[in-house]
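Asks: Chain by chain, the residues:
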Amino acid sequence: ETGVTQTPRHLVMGMTNKKSLKCEQHLGHNAMYWYKQSAKKPLELMFVYSLEERVENNSVPSRFSPECPNSSHLFLHLHTLQPEDSALYLCASSQDTGRFQFFGPGTRLTVL
Amino acid sequence: ELKVEQNPLFLSMQEGKNYTIYCNYSTTSDRLYWYRQDPGKSLESLFVLLSNGAVKQEGRLMASLDTKARLSTLHITAAVHDLSATYFCAVDNSRIQGGSEKLVFGKGTKLTVNP
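Residue numbers (this note's numbering), protein chains in the order written: chain A, 6 to 117; chain B, 114 to 228.
Isolated chain B (complex conformation):
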């Protein structure tokens, strides 16, 4: 059974600082997604990573995928208050042999950026 673990689950950081959120998963898959969720709102798609070594960047966020290590990172550069949200990674279970057709989500990382 595919398991997806994120850490940290809670992250409080100062504006202007850098930090990384980690997403580990238990079974090889070559497709991983990052989502953002603001309080009381739905999930907003951020990145899709489709191959080993894939790197995507949007503003102050950069995501990467290492399929051999079964690890994805979401790096935050010079954080600003607007980035405060919960960030989820999700792994495509359908890409795993015998896997069912679904995404398996991590528990989310709640990020708070303090002024």
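Isolated chain A (complex conformation):
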């Protein structure tokens, strides 16, 4: 596999469920990102990891919990989400923060 991959591509969950989104990059990058893209809002940065350490957290509710076990993998753990959390969640990576970011295909999340 090449580039940035995300699984699952589609996810439907209830408000009481716990699920995780996975992102993997095969580009040798050392920075990874989670973005949320809603129908009516601009692309929102959620979390930034550089060298496996979180460097940015844009006031994201605690029901979203990121994890970066190594520079190639990034997870977003979801717990007791709300219907307004339904969106496309995009993962990206770059060689150092601020460099050109390569995006994964996204996970389309629907919260019922």
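The set of hints was computed from the structure by calculation and includes no laboratory data.
Glycine included, each C-beta is placed from N, C-alpha and C at the ideal position.
One thing to keep in mind: the hints can contain errors.
Here are some, though not all, of the chain A residues that point toward chain B, as calculated from beta-carbon distances under 8 Å [to be verified]:
hint, residue
1, A44
2, L48
3, L50
4, V53
5, S91
6, L95
7, F105
8, F107
9, F108
10, G109
11, P110
12, G111
Keeping the supplied structure of chain A fixed, place chain B upon it in accordance with the hints.
Replies: Frame of chain A, contents of chain B only:
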């Protein structure tokens, strides 16, 4: 706080015509990116502009950067239907003194090219 504004937000044009999308940003930065997003798909990188006066061209798209005016343009030449997509500009906030390490995206310009 860095703000990035694109205009227009919606653009409907005829095939064969030329048009320009504008991206203004509020604080000086010397690194700007353009992305394309097709409906239901992820973002595809188009250009990175690294200095004042930088110009990049790929096919019918040409991007330029004027850091003094804090303006980037994406010019479309002789549009074709395949160019229909949403185009985003993003400014590197880490290049701004005291800025955090992130890209700030514009709201996107939804381009529709009609036959």
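Asks: Checking hints one by one. Is G109/A an interface residue toward chain B, by the C-beta closer than 8 Å rule?
Replies: 6 Å, holds
Asks: Hint validation: G111/A versus chain B, beta carbon distance must be below 8 Å. Holds or violated?
Replies: Since chain B brings a Cβ to about 5 Å from G111/A, closer than 8 Å, the hint holds.
Asks: Using the nearest Cβ pair, does L50/A come within less than 8 Å of chain B?
Replies: Given a least distance of 5 Å, the restraint on L50/A holds.
Asks: Is the interface hint for A44/A satisfied, with its Cβ closer than 8 Å to some Cβ of chain B?
Replies: 11 Å, violated
Asks: Does the interface hint hold: is P110/A within less than 8 Å of chain B, judged Cβ to Cβ?
Replies: 5 Å, holds
Asks: Double-check V53/A for me: the hint is only fine if its C-beta lies closer than 8 Å to a C-beta in chain B.
Replies: 6 Å, holds
Asks: Does L48/A pass the interface hint, meaning its C-beta sits closer than 8 Å to a C-beta of chain B?
Replies: Nearest chain B Cβ about 4 Å off; hint holds.
Asks: For the hint on F107/A, just tell me whether its beta-carbon gets within less than 8 Å of chain B.
Replies: F107/A check passes; min Cβ-Cβ to chain B is 6 Å, inside 8 Å.
Asks: Classify the hint on L95/A as holds or violated, based on whether any CB of chain B lies nearer than 8 Å to its CB.
Replies: Holds: closest Cβ of chain B sits about 6 Å from L95/A, inside 8 Å.
Asks: Interface hint check: F108/A, Cβ to nearest Cβ on chain B, cutoff 8 Å. Holds or violated?
Replies: 4 Å, holds
Asks: Does S91/A hold up as a contact with chain B if the rule is Cβ-Cβ below 8 Å?
Replies: 14 Å, violated
Asks: Would you check whether F105/A satisfies its interface hint, that is, whether its CB is within less than 8 Å of any CB in chain B?
Replies: Check passed: Cβ of F105/A comes within 5 Å of chain B, closer than 8 Å.
Consistency with the previously given hints fails for numbers 1 and 5, ordered from lowest to highest.
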